[in-house]
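Using my numbering, read the sequence shown as starting at 42 and increasing by one per residue.
Since the hints were derived computationally from the structure, they do not count as laboratory data. A portion of the hints provided could be inaccurate.
As the list claims (entries may be wrong) - Derived pair list, reagent style DSS-like, types lysine-lysine, alpha-carbon separation capped at 30 Å:
| # | residue 1 | residue 2 |
| --- | --- | --- |
| 1 | Lys43 | Lys223 |
| 2 | Lys128 | Lys275 |
| 3 | Lys128 | Lys223 |
| 4 | Lys43 | Lys275 |
| 5 | Lys46 | Lys275 |
| 6 | Lys46 | Lys128 |
| 7 | Lys128 | Lys43 |
| 8 | Lys223 | Lys275 |
| 9 | Lys223 | Lys46 |
Nothing here was measured: the structure is a model prediction, and the numbers come from that model.
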Amino acid sequence: MKRLKILRIVLSVAFALLLTGALLCHDSEPLSWLEWTCRVQLMPAVLSLSAGVCLLWLVVTLLVGRLYCSTVCPLGVLQDVFGRLGKMLRRNRDGSLRLYHYSRAENRLRYVILCVVVLCVMAGQMFLPEVIDPYFVYANIVNHLSASSVPDSLLGEVVLPGMLGMAISAVTILVVAVLSYKNGRTFCNTICPVGSALSVVSRISLFQLEIDPDTCTNCGRCEQQCKASCIDAKAHTIDYSRCVLCMNCTAACDDRAIRFTASRKRLSTPLMQPINRKVPQMTVNAPRKMADASSTEAETHTA
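Turn these sequences into a full structure, and let the hints steer you where they fit.
This is the structure:
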């Protein structure tokens with residue numbers, strides 16, 4: 042399980058380099074085969090009605106969750122870089138590294154954004170989808186930074202030229218950088234329409250990362266390393282709709298308590314199960330009343 046993080050990093054970096062090469066060297070005949078890295082992106086596949094690509098990511102997400110976000114998404118690597126810088130440069134008052142912590146999902150916000158994007162696509166208004174979609178954001182950045190322009194077939198229907206395009210691309214990457222610098226994958230789980238769409242399916246994934254409560258020692262390292270802020274170490278739960286399969290938790294867990302499973306494991310010791318019912322609190326005078334009642338009962342028995 043610890044090696045999954047290394048494997049994920051290698052795959053994501055390799056794919057990001059291949060995708061960048063496809064966008065930069067699209068005119069080169071020997072490198073034309075790299076265009077498949079653009080074709081497997083989810084938003085372009087949806088817009089071009091590519092049923093094969095959409096079905097592929099639907100099946101993958103149903104099996105293991107948001108693998109797309111951890112390996113194929115071009116903004117994923119950039120977010121990880123900015124997030125790493127945030128952990129290294131942002132320090133606590135005592136000088137220690139600032140770690141992540143669990144936070145509740147902003148479901149209302151992210152699904153409202155998803156609905157707005159879907160309505161825009163249905164209405165043929167592609168400005169908003171291509172401004173916040175991770176692939177088109179990355180393609181626009183490459184388009185404005187490189188000497189050669191990216192063709193419309195790879196960039197999308199909306200190509201923002203000149204200073205306007207550069208300004209919008211700069212603002213978008215600045216927002217992504219700030220969010221990643223402070224809280225990791227916030228963009229993925231709050232703004233990104235692709236991440237929100239995949240989160241609906243990943244909730245019911247067949248195989249999910251789960252915390253074994255019998256093995257877990259409550260050290261909290263998994264929660265501190267979760268860049269998606271979806272692990273509640275105290276409750277031994279993972280919000281799999283937000284999990285981007287970064288595998289930081291598996292690398293941080295020295296107890297091997299996190300594993301892929303098709304069913305959640307329950308505590309084997311019933312006495313360790315959490316008690317949900319409220320226990321009535323005793324008042325200050327309660328012990329004195331109990332003592333008086335016991336003495337009265339003893340005197341009655343003596344008589």
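Exercise. Check each numbered hint against the structure and report the violated ones by number, ascending.
Key: Of the numbered hints given earlier, the structure breaks none, since each of them holds.
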